[in-house]
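Visitor: Residue-level listing of the chains:
There are 2 protein chains.
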Amino acid sequence: MNDDSRQVPLRVALLGFGVVGSAVAKVLTEGAEDLAARVGAPLELVGVAVRRAGVDRSASGLPAELFTTDAQSLVENADIVIEVIGGIEPARSLILRAFDHGASVVTANKALLAEDGPTLYAAAEKAGVDIHYEAAVAGAIPLLRPLRESLAGDSVNRVLGIVNGTTNYVLDQMDSTGMGFDEAVERAQQLGYAEADPTADVEGFDAAAKAAILASLSFHSRVALKGVSRTGITEVTSADMRAARAMGCVVKLLAICERTDVGEGEGISVRVHPAMVPVTHPLAGVRGAYNAVFVEASGAGELMFYGPGAGGEPTASAVMGDVVAQARHRVQGGRGPVESAYADLPVLDPGQAQTRYYLSLDVEDRPGVLASVAGLFSEAGLSIEQVRQESIAADEDGQESGHAELVIVTHQGSEASLSATVKAVSSLGVVRGVNSVMRVVGS
Amino acid sequence: MNDDSRQVPLRVALLGFGVVGSAVAKVLTEGAEDLAARVGAPLELVGVAVRRAGVDRSASGLPAELFTTDAQSLVENADIVIEVIGGIEPARSLILRAFDHGASVVTANKALLAEDGPTLYAAAEKAGVDIHYEAAVAGAIPLLRPLRESLAGDSVNRVLGIVNGTTNYVLDQMDSTGMGFDEAVERAQQLGYAEADPTADVEGFDAAAKAAILASLSFHSRVALKGVSRTGITEVTSADMRAARAMGCVVKLLAICERTDVGEGEGISVRVHPAMVPVTHPLAGVRGAYNAVFVEASGAGELMFYGPGAGGEPTASAVMGDVVAQARHRVQGGRGPVESAYADLPVLDPGQAQTRYYLSLDVEDRPGVLASVAGLFSEAGLSIEQVRQESIAADEDGQESGHAELVIVTHQGSEASLSATVKAVSSLGVVRGVNSVMRVVGS
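Chain order of the listed sequences is D and A.
Under the UniProt record's numbering, think of the first position of the first sequence as 1, with each following residue one higher.
Under the UniProt record's numbering, think of the first position of the second sequence as 1, with each following residue one higher.
Treat the hints loosely; a few may be bogus.
Stated by the list, open to error - So, partial list: chain A residues that the calculated Cβ filter (under 7 Å) puts toward chain D:
(1) Leu151
(2) Ala152
(3) Pro308
(4) Ala316
(5) Gly321
(6) Arg335
Note that these hints are calculated values from the structure, not bench results.
The structure presented is a predicted model; accordingly, all values stated were derived computationally and were not measured.
In this text, a Cβ means the ideal position worked out from N, Cα and C, and glycines have one as well.
So here's chain D without its partners, still in its complex pose (with noise of 0.2 Å):
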């Protein structure tokens, strides 16, 4: 670094000017002085590319001409290009032409990262260039760069995380007013926690974009979204929260990231789907929006990082956390993080992944009905760790219905034989149903 270099702007494009956008520009507007100290150089905001054109966009304070509805010529001019877009294209696109231009790229994109991310890092190291990409986990929360960098001499054995803030508030909703599903989503609307079309939140798809990039990261493996197994939270009910609370337990969406050996050597085991967490484990007291991941690593032990996971300004912090560092690497030399994925470890079939579970069964109140019950899980290789039966009043006077509730908490066992014990108890003569079936997480 010397005298002359500092006095060269880094010229930083912008691509996409919603919630986040708009948060970024005002950033490098009102913080220009802070970021030039902080870098060596200025940071100029040479552009910032829109959909739509003659939009008034005066309240922003940036000059009408810096917008523009031509990305692909903004890309080929800037030295760091913040893509805030979303969804895959045109954002590939453009952030491999911007790569194309010798220009470093700073995305919050996880859809894309999900779904072709080893194709932008190659992209990236032949060019020369850097991706990086901190905001498109748990918005504000410091949590990639801690485990690619800080945790770079450690081994991260597990990572738990509510990544989805819309999810746990609305989980938080149904647990705190005993709220059914849909009046909590539609509350979480009215809030803007959530949006019209809820699917990518509820379904778990945003969850599980998520969940691959840090088992990326985390196991130095390539982790495709297809290889997470995905259960979203529509089927939570009421009576699944109260069940949690009579367990002790809360219901939170988790994004699971494990390195298990079942056996056939090492493997990953990726997945997004409700739980019940003990409410002592420091996840269960995540409350509302916000976000938190829990990592489990051989030297370091338990930690936990905890945040806004969304929101403009927010996400924005993240953004310009990554467009310093890029700047610096432009100014001092040096490079950032390049994909590690050397280790190279299986994603295994989810059948094979290993939890605990709950289960509730509505069975006929006589003799007999336990030890029926209990064969079939001890057929299937799920070994039982607590039982509860309570017989169910038919009226209010406290006639005898003739069925009893059934709980049951197993020890760990394997999905697999989860599904082959719920199919055997399905059919068996007693048991008349099956209210729920949940993962128990974090003892």
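Starting from the structure of chain D, add chain A where the hints point.
Guide: Showing chain A alone in chain D's frame:
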């Protein structure tokens, strides 16, 4: 990075073979294959400097010839020097010598950094090498890298940290069992959480050194140890713990770094003291010897980092993260972060620090007392938020003692006005004594 460079091992020298040093050596040897893949070159442990020769260290599994008492020669022949001796000398001289010979340094030495950090940063920069010190604060928790890199595009306003596991364990014991300070320290010593001489921990020296480092990084300004105002936990009583509980709080030893504006422009307040923290605050739930740091930034909002704050393996995890980062720079080119002190904010006089206060006074139980006391608070400019007065029974028959306990909680006010108030109140005839004064932090 080319294939040839991958083959040249990086020479790593280890200074110190205590709890942390031996854990570092274990990772370097047992994790050699992973480390080489992550760095792009093997890391070769070329020597371990120890104080005493002739000790049987065969249990470590390291060849006896690696151990040397000649630390000076060792650092002259290394690419990366890991300093885990601690203390000021000979650590400082060895680090400076390492720089002179072109080695970069990874250290966990908070005392040295807080005492003389700028000398080391300048020497490293002059020599064109790096100094990394993630392990110096909050053990295994990735904290300094997030502060200086992830939040480099944001503006940190406040850091509240539980950064000393020993005192957190002691306070947690006092809170959960009702035991007194001395007994809790004894228990911590038995369990290895406290040193035989616990002064550095219980008097807050260790936390103050960490606070100086955190404030320097958070505010891009130099903060020396002497700028940190410090109160330890030796005067925290069981009565204080009970009073905190009654207030819906727990007592924690906090390192507080704040950017404030007190009329004469911006400044930094850095202090370590016990404080009442509401049980609803994320820091309140940090138990035992764990550490946690709560960061408030303009864009990111509220973040928390949680994990083990000490111990051989956790500290080694942080050290090795820095070693891999530095080794990657050696292989790929590039530099580690340099000191960022451009903001050069002044450290405020301790009397200017603003906080809320809890006071418990022993007063005469008669009309007019509250009015007199409240008048003195008002004169000192300290605004009262809550008051509670309770008569104290003299004996088991409930006989009146003539005393009452007057508990006052104030709004934000300066330390100077608190001191003035305490002094004035103490000399009031109707006040028999000041039972306790404690700061209240986190709303």
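Visitor: Run every hint past the structure and note whether it holds.
Guide: Quick rundown of the hints versus the structure:
1. Leu151: Because about 6 Å separates Leu151(A) from the closest Cβ in chain D, which is inside the 7 Å limit, the hint holds.
2. Ala152: Status holds, d = 4 Å.
3. Pro308: Nearest chain D Cβ about 5 Å off; hint holds.
4. Ala316: Holds. Min distance 6 Å.
5. Gly321: Holds, because the Cβ-Cβ distance from Gly321(A) to chain D comes to roughly 4 Å (cut-off 7 Å).
6. Arg335: Constraint on Arg335(A) satisfied, holds at 5 Å.
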